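Which chain is which? The protein sequence lines are P and X, in order. Going left to right, the first sequence walks through residues 311 to 698 as the numbering used here numbers them. Going left to right, the second sequence walks through residues 24 to 335 as the numbering used here numbers them.
Heads up, a few of these hints could be off.
Claimed, not checked - Some chain X residues near chain P, calculated using beta-carbon distances under 10 Å:
1. Arg68
2. Arg98
3. Gly101
4. Tyr102
5. Ala103
6. Gly106
7. His107
8. Leu109
9. Phe110
10. His112
11. Gly124
12. Ala172
13. Ala174
14. Leu181
None of these hints come from the bench; they were simulated from the model. Predicted, not measured: the structure shown is a model, and the values here were computed from it. Cβ coordinates follow ideal geometry from the N, Cα and C atoms, glycine included.
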Amino acid sequence: MRIRFDKLGVAITLIAAYGTLGSGFAVLKPNRIVQGQVKSILECFPAWAGAALIVLMLLTVFVALFRTPPWLKLGAAASALATLAVAIGLAADFLTPAGNSYARVSPASGFWILLFAFALLAADAITRLKPAPWMRVLFLFIAAAGIALIFLSGIWSGLSIMKEYAGRADVFWAEAGKHVMLALGSLVAATVVGLPLGVLCHRVAPLRASVLNILNLIQTIPSIALFGILIAPLAWIAATVPGAAAIGIRGIGVAPAFVALFLYSLLPIVANTVVGLAGVPREANEAARGTGMTDMQRLFQIEFPLALPVILTGIRIVLVQNIGLATIAALIGGGGFGVFVFQGIGQTAMDLVLLGAVPTVALAFAAAVLLDALIQANSRISNGAGSA
Amino acid sequence: MIEIEGITKRYDDTTVVDGVSMVIEPRTVTVVVGTSGSGKTTLMRMINRLVEPTFGTIRIDGEDNRSMPAHELRRRIGYAIQGHGLFPHRTVAQNIATVPGLLGWGKSRTAAKVEELLALFQLDPATFADRYPHELSGGQQQRVGVARALAAEPNILLMDEPFGALDPIIRAKAQDDLLAIQKHFNTTIVLVTHDMNEAFHLANKIAVMDKGSVLQYGPPAELVRAPANTFVETLIGETERPFRLLSTGTACAAAEPGEAEGEPIREDLSQQEVLAELLWSGRRAAPVVSAGGAPMGRVTLEALVKRASRLQ
Ligand SMILES: Nc1ncnc2c1ncn2[C@@H]1O[C@H](COP(=O)(O)OP(=O)(O)OP(=O)(O)O)[C@@H](O)[C@H]1O
Ligand SMILES: [Mg+2]
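Chain P on its own, in the form it takes in the complex (with noise of 0.2 Å):
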């Protein structure tokens, strides 16, 4: 019988194999601001768990070789993802001289391709076992108890970026509050606007290529120039409007970054909508006016559920968008994880950025997952459509 490789498997061997022999696993700094010395795997740990982890590797790379069941690849390429998130913080105390409380140890490149290479399989895997909404949503959890359990345990804490959470701890969650209220609530007013709006340029043609190219052209706006562009207006409101100012309303602050997000959020909410709506059968709404709906009725009973996996799709796009714009926010003292990312490049101390910039990677990650298995939840019920 002829051996059978797995294609994607091959790719994913490669990866792995130039981030295992290829590439350094940490990097030890003297300080946390100079450059650091590279050490491989073996390096980093005792001799003989070295070792270890290496065999760990080639029996996960073994598995995504060849044509295993999709299962067997997903649990190794679980297994070795912890084995990996573990492994790094043992290395970083057996690197760190004792008593020395200067030297850092992050990761370095070896580490980060691995974790895509292993990641990458895992996502491949979850692809192919076509789980249910519900399946990935808990694929999801699980994954994010597995990252507290470890975080908490403090395995990681002798890591730099954890030197660098420890010294703010109560910051960093003060902006990760500010962060998540900036993403998620420019998206829930985006979608409080654009929903009506899309509704009301879909039965108002007229009003729709308008609204939708100014909503383009607003996209189109780098974030500084809005940014820019909001100070004067915000500044005046706040002179000018009693009660404004007491409201956070500012030129700079939460107050224009909110805004802009809010209006970088309409486009996808406002043209979803409206494809979404275009896309519900004819045969069905002329069937909804014949069975006595109102518009009204017409709307909420067969126009949006069947139009809700395209809305869906875009709220998921605004809130995968805004979870990463929201770090620019940190610019003009919006606050978020930006504060991390420009501090740290203010001072070239990259765990500092990272400390940013890991985090808002997560939150937009799993925020995707979410969305998508509502979607699929969503489009399992109304996927008749097509065949309507």
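With chain P held as given, fit chain X with the ligands onto it using these hints.
Relative to the frame of chain P, chain X with the ligands by itself:
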């Protein structure tokens, strides 16, 4: 009663329905036939105001159909849309329950009605109630569409090619059921079809449409005996004429006093069916009985031959 008076519908410059006037008697079945694109659907939709006429008025039981909000009018008129128009995100039961839901019927009354209609259309409630439309065959979808139109027991039922996707056996059953429902609820039915057999089987009156106009409107026998023009004649089919005539009458109407041999024939069979039976069994006459089995005389081949002739 539906009074259609000088109804015209124009889209831009094309006239789709052109000055149609006709009166549809209450508790009758009116069948609209005609070529594709002749305006049948458009005419029908002006009755429940899915399409607003350019000129003319339609009165229902003497009242202009614009005298009440369109959605209230439509809840009182059952409409089985061409195709089926089921809501893809709702189950069969939820689809059928649409109008009762809009009218605020209680749960148990609605559920009972849904079950009754599913059974009537030979869709086992246990199997079909919770299915989604895309899990049904075309014929099943169509039956659910008709069931939805019937759910609130409307006085008027508009049906646009409701049986197009059904196989001959279920179609014949559906037609008979429809007539039974019509008798039971005294419904006024307007039905569009391309099937002339169906038209003659169901209709009290047939309207023939071409290019937006009604060419002829009258009882089926009148269309056969005195077609208004060659279009109507062609539509009915020259070689079909004697059989169409027979299909409009019942055995009871052709019965005469007397005796006959062999298997009796039920009085409600059409004369066309009686003729077929006599020819097939090689008899010259057959006894006629009522539904209850009481003898009602006999039908003879000669009588049928006479009735099939234009001279009659
Ligand atoms: N909304 C509309 N705008 C423009 N033209 C229309 C519209 N609706 C229907 N028509 C035109 O009106 C004519 C009659 O359409 P209608 O649907 O009434 O035909 P029909 O007799 O029901 O045909 P079929 O037997 O194919 O269902 C067609 O030529 C059609 O193209
Ligand atoms: Mg039609």
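Taking the hints in turn, this is what the structure says about them:
1. Arg68: holds (8 Å)
2. Arg98: holds (3 Å)
3. Gly101: It holds, given that the least Cβ distance between Gly101(X) and chain P is near 9 Å, below 10 Å.
4. Tyr102: Interface hint status for Tyr102(X): holds (4 Å vs cutoff 10 Å).
5. Ala103: holds (9 Å)
6. Gly106: holds (5 Å)
7. His107: Holds, because the Cβ-Cβ distance from His107(X) to chain P comes to roughly 7 Å (cut-off 10 Å).
8. Leu109: Leu109(X) check passes; min Cβ-Cβ to chain P is 7 Å, inside 10 Å.
9. Phe110: holds (6 Å)
10. His112: Holds, because the Cβ-Cβ distance from His112(X) to chain P comes to roughly 4 Å (cut-off 10 Å).
11. Gly124: holds (9 Å)
12. Ala172: holds (8 Å)
13. Ala174: Since chain P brings a Cβ to about 9 Å from Ala174(X), closer than 10 Å, the hint holds.
14. Leu181: holds (8 Å)
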